[in-house]
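Chains as they are written, first to last, in full-length UniProt numbering: chain A, 1 to 237; chain B, 1 to 237.
Rather than coming from a laboratory, the hints here were simulated on the basis of the structure.
Mixed in with the good hints there might be a few duds.
What the hints assert, rightly or not - Partial list, computed: chain B residues near chain A (C-beta under 8 Å):
| id | residue |
| --- | --- |
| 1 | 63 |
| 2 | 67 |
| 3 | 74 |
| 4 | 83 |
Glycine residues also receive a C-beta, built at the ideal position from the N, C-alpha and C atoms.
2 protein chains.
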Amino acid sequence: MQFGRHISGQFNAELEAIRTHVLTMGGLVEQQLSYAMQALHKQDLELARQVIRGDHKVNAMEVSIDDACTRIIAKRQPTAKDLRLIIAIIKTITDLERIGDVATRMAHVAIESPASKERRFQVSLEPLCRQAIAMLHQVLDAFARMDVEAAAQVHKLDDRLDSEYEAVIRQLMTYMMEDTKNIPHILQVMWSARAIERVGDRCQNICEYIIYFVKGKDVRHLGDQSLDDVLNIDSDP
Amino acid sequence: MQFGRHISGQFNAELEAIRTHVLTMGGLVEQQLSYAMQALHKQDLELARQVIRGDHKVNAMEVSIDDACTRIIAKRQPTAKDLRLIIAIIKTITDLERIGDVATRMAHVAIESPASKERRFQVSLEPLCRQAIAMLHQVLDAFARMDVEAAAQVHKLDDRLDSEYEAVIRQLMTYMMEDTKNIPHILQVMWSARAIERVGDRCQNICEYIIYFVKGKDVRHLGDQSLDDVLNIDSDP
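Starting from the given sequences, assemble the full structure and let the hints guide the process.
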């Protein structure tokens with residue numbers, strides 16, 4: 001992929017290497033989230049421990065990509081679209097790292113949960129978690145192709161995740177009311193649900209960075225309608 | 001304050017202007033959090049609405065500072081400490097904006113809460129919220145002076161906030177068990193408590209950016225002990 005209009009092939013190769021690194025980090029985070037969901041669902045403690053052990057890899061990637069971005073700014077003094085790409089990457093990896101933390105938190109809930117009789121509370125998280133993982137997968141795909149249309153589509157998926165989240169919370173609330181001694185455990189499950197719902201918000205952030213990179217417009221804090229308007233303007237060089 | 005060793009007075013003035021802008025944004029976020037706490041505590045719906053209306057100012061400041069940072073990188077091509085300052089600012093304002101969102105969320109809870117009989121649930125948030133505001137105040141102070149020792153001190157305060165948070169959650173859980181029909185409302189209060197606890201984590205992030213700027217070391221994902229070790233090394237030019 002050709003970024004800005006600079007003529008240095010070496011610079012292009014460096015940018016491409018960072019971008020690949022971000023996609024690798026994204027793939028790892030997606031895997032962590034998927035394993036955490038399985039660990040919760042199947043009460044697989046070994047898989048949960050693997051997720052917890054894996055978090056340091058996500059953290060290390062964040063630090064390493066951040067460092068590469070700072071070095072490329074200092075060395076190559078990018079402007080316009082190249083600079084926007086680097087800024088977009090610096091912000092994207094913060095969100096990816098926090099999604100990684102969600103996976104770790106879910107893995108801890110899997111380990112701390114009491115035995116099998118409580119499993120029905122966790123099962124209710126599965127569709128929510130699948131939706132969040134699908135959203136992350138799609139936003140990484142949009143990032144790989146720097147596709148603003150795809151980014152805008154993913155941005156809108158968050159409403160569905162929010163509805164699913166509300167349904168999960170309502171369901172868990174009825175379990176709480178049925179038997180108050182389950183409250184502490186159900187609260188743990190609710191925190192996980194909340195964290196998964198926040199994955200959607202973080203995916204939306206990444207969509208906004210993709211649009212910022214391609215269009216040169218900061219679309220944070222705008223509604224979906226304004227976002228559609230931005231898509232109709234020409235890309236910024 | 002003298003940043004890097006560049007000789008352009010104009011550049012220094014531009015950096016100083018951005019830094020002042022960050023402090024203004026920080027002051028506004030602190031005020032929003034403080035007003036949101038009062039709105040919850042005193043059931044002051046007008047104040048709650050004022051907090052919600054004020055959020056767009058916080059958002060606008062984030063966008064504007066981000067834009068100023070990108071422009072200064074493109075125009076001045078900073079390296080070393082100047083560049084670290086700008087990267088630290090770009091990351092700091094993201095955390096400040098999210099703390100602003102916490103204030104807005106609390107204001108919504110104040111508005112949606114049923115009448116005065118439920119006030120005792122909200123009162124229990126006050127000490128937690130005061131601690132979070134104090135932590136934010138101190139980290140902004142450390143940022144103003146780019147004081148790593150102060151930043152490291154604030155970083156350690158988060159443990160106290162976490163303990164207070166755990167106590168609040170335990171207390172609210174007993175209210176839930178006492179009378180299950182209060183569960184939906186108490187959950188709202190719990191979400192606020194959780195959000196306030198996250199303010200501490202965001203303040204810790206800002207501490208880490210201050211240390212990164214002064215020392216040139218990325219201290220994220222290290223424990224407090226390693227953080228102390230970093231403080232003993234010389235500042236990076």
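To see whether the hints hold, each was checked on the structure:
1. 63: With a closest approach of 5 Å, the residue 63/B hint holds.
2. 67: Holds - the Cβ of residue 67/B comes within 8 Å of chain A, reaching about 7 Å at its closest.
3. 74: holds, 4 Å
4. 83: Nearest chain A Cβ about 6 Å off; hint holds.
Going down the numbered hints, you'll see the structure goes against none, and every one checks out.
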